[in-house]
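Novice: Sequence:
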Amino acid sequence: MKNVFIDTNILIDFLTNRKPFDLKAGKIFSLSEQKILNCGVSSLSIANTHYHLLKLLKTEAANELLRKFKILLVVHPLNEKLIDLALNTSDFTDFEDALQYFTALEFGYEAILTRNQKDFKNSTIPILTPDQFLEIYKKSEP
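Numbering (UniProt numbering), first residue to last: 1 to 142.
Incorrect hints may appear among the rest.
Stated by the list, open to error - What follows is a list of derived Cβ distance ranges for each label pair:
{"id": "1", "residue 1": "ALA61", "residue 2": "LYS81", "range": "32 to 38 Å"}
{"id": "2", "residue 1": "GLN34", "residue 2": "THR129", "range": "20 to 26 Å"}
{"id": "3", "residue 1": "LEU105", "residue 2": "LYS138", "range": "23 to 29 Å"}
{"id": "4", "residue 1": "ASN3", "residue 2": "LYS118", "range": "22 to 28 Å"}
{"id": "5", "residue 1": "TYR51", "residue 2": "ASN79", "range": "17 to 23 Å"}
Unchecked claim - Straight-line alpha carbon distances no greater than 27 Å define the calculated BS3-like cross-link-like pairs of lysine-lysine that follow:
{"id": "6", "residue 1": "LYS68", "residue 2": "LYS58"}
{"id": "7", "residue 1": "LYS27", "residue 2": "LYS138"}
{"id": "8", "residue 1": "LYS55", "residue 2": "LYS35"}
{"id": "9", "residue 1": "LYS81", "residue 2": "LYS2"}
{"id": "10", "residue 1": "LYS2", "residue 2": "LYS35"}
{"id": "11", "residue 1": "LYS70", "residue 2": "LYS55"}
{"id": "12", "residue 1": "LYS138", "residue 2": "LYS70"}
{"id": "13", "residue 1": "LYS70", "residue 2": "LYS35"}
{"id": "14", "residue 1": "LYS81", "residue 2": "LYS121"}
{"id": "15", "residue 1": "LYS118", "residue 2": "LYS138"}
{"id": "16", "residue 1": "LYS19", "residue 2": "LYS139"}
{"id": "17", "residue 1": "LYS27", "residue 2": "LYS70"}
{"id": "18", "residue 1": "LYS139", "residue 2": "LYS2"}
{"id": "19", "residue 1": "LYS121", "residue 2": "LYS2"}
{"id": "20", "residue 1": "LYS138", "residue 2": "LYS121"}
{"id": "21", "residue 1": "LYS27", "residue 2": "LYS55"}
Derived from the structure by calculation, the hints contain no laboratory data. Heads up, the beta-carbon is just placed ideally off N, CA and C, and yes, glycines get one too.
Working from the sequences, and respecting the hints, build out all of it.
Specialist: Here it is as structure tokens:
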């Protein structure tokens, strides 16, 4: 598994040093930095993460942190098709999760990494926690 879509909570865990989740998130982003893993996110995740960073940092510091961090990610735009899919599904009760899911599908990701697996119960692709993903990755290493 080389292409994974990262849910907002994983970004926030890492960038806000949310214990104990930040360490596993850091391992995932380290794999991205080493070009072993392709990590995608939606533009919505960047906006939501920025909002959370502003609770801890001044605007300039939050902007700088995201500017430096986003080089590890492929940031996908939201578009009318994705919004329509999210608005017209009965598989999700949370609109933001539906947007994340349909973005991951649209751009061909193999799995979604999140700590909120229950929110993606009708997914057609694997929904993994960082722990689960790292365990799979560890077993697949040569």
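Novice: None of the hints should be skipped; say for each whether it holds.
Specialist: The hints, checked one at a time:
1. Distance hint check: the CB atoms of ALA61 and LYS81 are about 35 Å apart, consistent with the given range 32 to 38 Å.
2. In this structure, GLN34 and THR129 meet the distance hint of 20 to 26 Å, their C-beta atoms being roughly 21 Å apart.
3. One distance hint, 23 to 29 Å for the beta-carbon pair LEU105 and LYS138, holds here, with the actual separation near 26 Å.
4. For the pair ASN3 and LYS118, the supplied restraint of 22 to 28 Å holds, since their beta-carbon distance comes to about 23 Å.
5. Between TYR51 and ASN79 the beta carbons are some 21 Å apart, a value that agrees with the proposed interval 17 to 23 Å.
6. A C-alpha spacing of about 16 Å is found between LYS68 and LYS58, which places the hinted pair at or below 27 Å, so the restraint holds.
7. With a C-alpha separation of about 11 Å, the suggested pairing of LYS27 with LYS138 holds against the 27 Å cut-off.
8. Distance hint between LYS55 and LYS35 is unfulfilled; the C-alpha atoms sit about 31 Å from each other, more than 27 Å.
9. Of the pairs offered as hints, the one joining LYS81 and LYS2 holds, with about 26 Å between alpha carbons and a cut-off of 27 Å not exceeded.
10. With a CA separation close to 10 Å, the supplied pair LYS2 and LYS35 stays within the 27 Å bound.
11. For the hint pairing LYS70 with LYS55, the CA-to-CA distance comes to about 19 Å; that is within 27 Å, so the pair holds.
12. A hinted pair counts as satisfied when its Cα atoms are at most 27 Å apart, and LYS138 with LYS70 qualifies at roughly 25 Å.
13. With a CA separation close to 14 Å, the supplied pair LYS70 and LYS35 stays within the 27 Å bound.
14. Using a Cα cut-off of 27 Å, the hinted pair LYS81 and LYS121 holds, with the two alpha carbons roughly 22 Å apart.
15. Between LYS118 and LYS138 the alpha-carbon distance is near 24 Å, which keeps this suggested pair within the 27 Å criterion.
16. Taking the CA atoms of LYS19 and LYS139, the gap is near 25 Å; set against the 27 Å cutoff, the hint holds.
17. A hinted pair counts as satisfied when its Cα atoms are at most 27 Å apart, and LYS27 with LYS70 qualifies at roughly 16 Å.
18. For the given pair, LYS139 sits about 14 Å from LYS2 by alpha-carbon distance, which is consistent with the 27 Å threshold.
19. For the proposed pair LYS121 and LYS2, the alpha carbon gap of about 22 Å is at most 27 Å, so the pair holds.
20. Taken as a hint, the LYS138 and LYS121 pair is honoured in the structure, with Cα atoms around 25 Å apart against an allowance of 27 Å.
21. A hinted pair counts as satisfied when its Cα atoms are at most 27 Å apart, and LYS27 with LYS55 qualifies at roughly 24 Å.
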